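Colleague: Assemble chains S and R onto chain W, guided by the hints.
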Amino acid sequence: MSSVPIAQRPKPTASHKLIATLGLISLCSGLLVVSVFEFTKPYIAENQRRALEAAVLQVIPGAVERREFILTPQGVWPRQDAPAEGRLIHAGFDAQGQFKGVALQAAGRGYADVIRILYGYNPACECIVGMMVLESRETPGLGDKIETDQNFTANFRNLSAALNAERTGLAHEIITVRPGSRQAPGEIDGITGATVSANAIGRMLNESAQVWLPMLAPHWSALSLPVGAEEAMDGD
Amino acid sequence: MAIKPDTQPITPDTFLSGIWRENPVFVMLLGMCPVLAVTNSVANALAMGLATTFVLLCSNALVSLLRRQIPKEVRIAAYIIIIATFVTVVDYLIHAISLEVYDALGAFIQLIVVNCMILGRAEAFASRNRLSNTLVNSLGMGIGFTIALLCLGSVRELLGAGALLGYPIFGQSFEPWIIMLLPPGGFFVLAAWLLLFAWLKESQQRRKQAAAAAPQNGGKLGGASIHAR
Amino acid sequence: MSALHIKLKTSPHLIQAVSVEQIMRNVVYALLPVCAFAVWHFGISALALLVTTTAACVGTERVINLLSGKPSTVTDFSAVITGLLLALTLPPAFPLWMAAVSGIIGIALGKAMFGGLGYNLFNPALIGRAFAQGAFPGAISTWTLPGHPDRFVEFLPSTLAIPFTRPESVDGWTSATPLTAWKFQGVDTPSMELFTGMVAGSVGETSALLILGCGLYLVARRMMNWHIPAAVLSGAFITAGVCYLIDPNAYPTPWFVVLSGGLMLGAVFMASDMVASPVTRSGVWLYGLLIGFLTVIIRFFGGLPEGVMYAILLGNAASPLIERITQPRPYGTGRRRPL
Numbered sequence: 001m002s003s004v005p006i007a008q009r010p011k012p013t014a015s016h017k018l019i020a021t022l023g024l025i026s027l028c029s030g031l032l033v034v035s036v037f038e039f040t041k042p043y044i045a046e047n048q049r050r051a052l053e054a055a056v057l058q059v060i061p062g063a064v065e066r067r068e069f070i071l072t073p074q075g076v077w078p079r080q081d082a083p084a085e086g087r088l089i090h091a092g093f094d095a096q097g098q099f100k101g102v103a104l105q106a107a108g109r110g111y112a113d114v115i116r117i118l119y120g121y122n123p124a125c126e127c128i129v130g131m132m133v134l135e136s137r138e139t140p141g142l143g144d145k146i147e148t149d150q151n152f153t154a155n156f157r158n159l160s161a162a163l164n165a166e167r168t169g170l171a172h173e174i175i176t177v178r179p180g181s182r183q184a185p186g187e188i189d190g191i192t193g194a195t196v197s198a199n200a201i202g203r204m205l206n207e208s209a210q211v212w213l214p215m216l217a218p219h220w221s222a223l224s225l226p227v228g229a230e231e232a233m234d235g236d
Numbered sequence: 237m238a239i240k241p242d243t244q245p246i247t248p249d250t251f252l253s254g255i256w257r258e259n260p261v262f263v264m265l266l267g268m269c270p271v272l273a274v275t276n277s278v279a280n281a282l283a284m285g286l287a288t289t290f291v292l293l294c295s296n297a298l299v300s301l302l303r304r305q306i307p308k309e310v311r312i313a314a315y316i317i318i319i320a321t322f323v324t325v326v327d328y329l330i331h332a333i334s335l336e337v338y339d340a341l342g343a344f345i346q347l348i349v350v351n352c353m354i355l356g357r358a359e360a361f362a363s364r365n366r367l368s369n370t371l372v373n374s375l376g377m378g379i380g381f382t383i384a385l386l387c388l389g390s391v392r393e394l395l396g397a398g399a400l401l402g403y404p405i406f407g408q409s410f411e412p413w414i415i416m417l418l419p420p421g422g423f424f425v426l427a428a429w430l431l432l433f434a435w436l437k438e439s440q441q442r443r444k445q446a447a448a449a450a451p452q453n454g455g456k457l458g459g460a461s462i463h464a465r
Numbered sequence: 466m467s468a469l470h471i472k473l474k475t476s477p478h479l480i481q482a483v484s485v486e487q488i489m490r491n492v493v494y495a496l497l498p499v500c501a502f503a504v505w506h507f508g509i510s511a512l513a514l515l516v517t518t519t520a521a522c523v524g525t526e527r528v529i530n531l532l533s534g535k536p537s538t539v540t541d542f543s544a545v546i547t548g549l550l551l552a553l554t555l556p557p558a559f560p561l562w563m564a565a566v567s568g569i570i571g572i573a574l575g576k577a578m579f580g581g582l583g584y585n586l587f588n589p590a591l592i593g594r595a596f597a598q599g600a601f602p603g604a605i606s607t608w609t610l611p612g613h614p615d616r617f618v619e620f621l622p623s624t625l626a627i628p629f630t631r632p633e634s635v636d637g638w639t640s641a642t643p644l645t646a647w648k649f650q651g652v653d654t655p656s657m658e659l660f661t662g663m664v665a666g667s668v669g670e671t672s673a674l675l676i677l678g679c680g681l682y683l684v685a686r687r688m689m690n691w692h693i694p695a696a697v698l699s700g701a702f703i704t705a706g707v708c709y710l711i712d713p714n715a716y717p718t719p720w721f722v723v724l725s726g727g728l729m730l731g732a733v734f735m736a737s738d739m740v741a742s743p744v745t746r747s748g749v750w751l752y753g754l755l756i757g758f759l760t761v762i763i764r765f766f767g768g769l770p771e772g773v774m775y776a777i778l779l780g781n782a783a784s785p786l787i788e789r790i791t792q793p794r795p796y797g798t799g800r801r802r803p804l
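Chains as they are written, first to last, in my numbering: chain W, 1 to 236; chain S, 237 to 465; chain R, 466 to 804.
Here chain W stands alone, though its shape is the one from the complex:
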């Protein structure tokens, strides 16, 4: 281009043509983006719903159905008839419609970045029954053992998280201890070489459980209504 002498260069284009061209291209682009967005929206929503459902059912053993509830200061409501904004609670039910537990999200700082987890809580045994890492950037092969280490994940099959007598918090802290030294209820066996990540899991579980379990505690009966009964209630 630079080799063309100035005299031979074409005249500058009129500005209305520049604006018109860019405007037209932008319009077409916008149309294309919007139509693709509309086309993919249901698929994306479905993907996300399925991923969430799989996660919830995984952390609540025995559950085959997930229902969404909203926790507000007034109580727990099914999501569609919640009167106010509140925290989303996922509850799991088995094939007979029996309530199996709730799934809660927790997050905290790990070694590399914030770790987000989902954990299942069963009020019947007052314990954490499952844990799944939703998002983590922990070091592969080291920090990511919080997801892959069998000994570590086994901690969360039955981790006691009973409430204290006043029902204001947990009876005992949930805490990560040195690998193999788990004794007291609420203690999690850590991972050799991934102390920071393993401790982070214990800390975020403790923080979340201390706050949310006492708030949920008065409402277990409302959550554990069998599916059929609830539908009947909706019909009233």
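Among the hints, erroneous ones may be present.
Stated by the list, open to error - Below 25 angstroms or equal to it, Euclidean Cα-Cα: the simulated SDA-like pairs (lysine to any residue) are:
hint: 1; chain 1: S; residue 1: K437; chain 2: R; residue 2: K535
hint: 2; chain 1: S; residue 1: K444; chain 2: S; residue 2: F423
hint: 3; chain 1: R; residue 1: K648; chain 2: W; residue 2: T192
hint: 4; chain 1: S; residue 1: K437; chain 2: S; residue 2: R311
Claimed, not checked - One-sided excerpt, in silico: chain R residues whose CB lies under 8 angstroms from chain W:
hint: 5; residue: P602
hint: 6; residue: S606
hint: 7; residue: A646
hint: 8; residue: F649
hint: 9; residue: G768
Simulated from the structure, these hints should not be mistaken for lab results. Note that the structure is predicted; figures quoted are calculated from it, not measured. Yeah, the Cβ is synthetic: ideal placement off N, Cα and C, and Gly gets one too.
Modeller: Coordinates of chains S and R only, in the frame set by chain W:
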């Protein structure tokens, strides 16, 4: 403009230049951001390569079609809009197809828009060539880019996880080299591939020079000017 | 009449120029007692480690010489030093094949890529170790008991791991280093044990006393700039002292910080690397203080229990800049030269 590029025929080189002679990664060193960031496994590399190829093909086809309509003064702006559009489209499509791939590639799908290879192709080729030539050339470039990503991805996954496409290759007792999955591994492996390519090119050149010099002085000057590059 | 012979020479009137090879040989001499103590302390696994890394480094140096068609630089002993230093920074149970990989990477990436001795931006041994830290984080943070009764007849189970396979676990032999004990269990180690080296740790980092002695030998032979170790140690001591004064319960004493881990080895033998450190007087102090400061910051506030390696590498990276800002001003050329 002495030659009108518009009338150039399609030659094998139109397609092959992107794969070998002008390989966007190994020769032109373009698009380093995805090359280093998402090549920690073969699957990620493949997904990124295909997404980039899709954007490259679509946007360059459009640029080629509109090459006479777009005024010179606003061409870069127009190319950017076109590229950004297709990047957004690809972003939605991947999100709809697989949440797993979408999460693995993260922000790097959106960052295809700043891959200089795509804008470079639009400016250097698509804006001066027929649609058919552009399609062939873009496909070559895209494949070249994908191959380069796969080259990095396979080495990194092989050493970093002892697997290829998630299937273990070395068995259970293999000790993975974690660093290969981390960002430094990307730099190491890229450097090793660049070294290999530079060495191949140099020896090729040396052979050519030896052949050219042979009639005059019996090949004495064989490798003399290699370092002059 | 006998002719009078007078030798005429222009200044400087040096008796004998000190060659690179001489300095390097003396560093090797200074390292030998440290190596000997390491072998006595950790047994034949440490010996195998020392031999393996040295062989890997020297071998790589030779192969690269051959490939690039340059004369052999093996005889200048610098590759031997890299090999010995690398082994001294590795844990005793480190598998030999990983040690060899680290040695190859250290020489190839840390030295040859930059153009060989004299051009390396970073200490090659630490490049090798940093690679090992990144590649094999599990093996490099597995520490074993010193002074095990069977150490002279038996290799540690992980030492002889088949190349590219996962090393066997060393469960029966493991032990915490003073730094990991402090960081993860809140246990303090007495300073005297740290000083004499009767603790777990990397092969050659445990005995502060011995390392200091060997450093003094080099200083006495004027083959090491004593300002660098002094600056590193004071940088660490001051930073740790400030932290200790702020909260004595949360932070260990500055003596613990200076004597534990690889700080002594790093300060004496690695930060003082002639190529990768600055040359100006004030620059040397700035460089050393920076390394000491960074070490303590990484130890106290980072995820890793030990920070000497990264601190020295960062100091190496900063040394061209340090040299630039501490360049002495030629007399009469104004107040300050623009950067």
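Colleague: The hint names P602 of chain R as touching chain W; please verify it with the least Cβ-Cβ distance against 8 angstroms.
Modeller: Constraint on P602 of chain R satisfied, holds at 5 angstroms.
Colleague: Checking one constraint from the list: CA of K648 of chain R to CA of T192 of chain W, max 25 angstroms. Satisfied?
Modeller: Between K648 of chain R and T192 of chain W the Cα gap is close to 14 angstroms, so the pair holds against 25 angstroms.
Colleague: Have a go at the F649 of chain R hint: is there a Cβ in chain W nearer than 8 angstroms to its own Cβ?
Modeller: 6 angstroms, holds
Colleague: Does K535 of chain R sit within 25 angstroms of K437 of chain S, going by the straight-line distance between their CA atoms?
Modeller: 22 angstroms, holds
Colleague: Between K437 of chain S and R311 of chain S, is the straight-line Cα distance small enough, at 25 angstroms or below?
Modeller: 35 angstroms, violated
Colleague: Double-check S606 of chain R for me: the hint is only fine if its C-beta lies closer than 8 angstroms to a C-beta in chain W.
Modeller: 5 angstroms, holds
Colleague: Regarding the pair K444 of chain S and F423 of chain S, is the alpha-carbon distance no greater than 25 angstroms?
Modeller: 31 angstroms, violated
Colleague: With 8 angstroms as the cut and Cβ atoms as the points, is G768 of chain R at the interface with chain W?
Modeller: 5 angstroms, holds
Colleague: Can the hint on A646 of chain R be confirmed by a CB-to-CB distance to chain W that is less than 8 angstroms?
Modeller: Status violated, d = 12 angstroms.
Consistency with the previously given hints fails for numbers 2, 4 and 7, ordered from lowest to highest.
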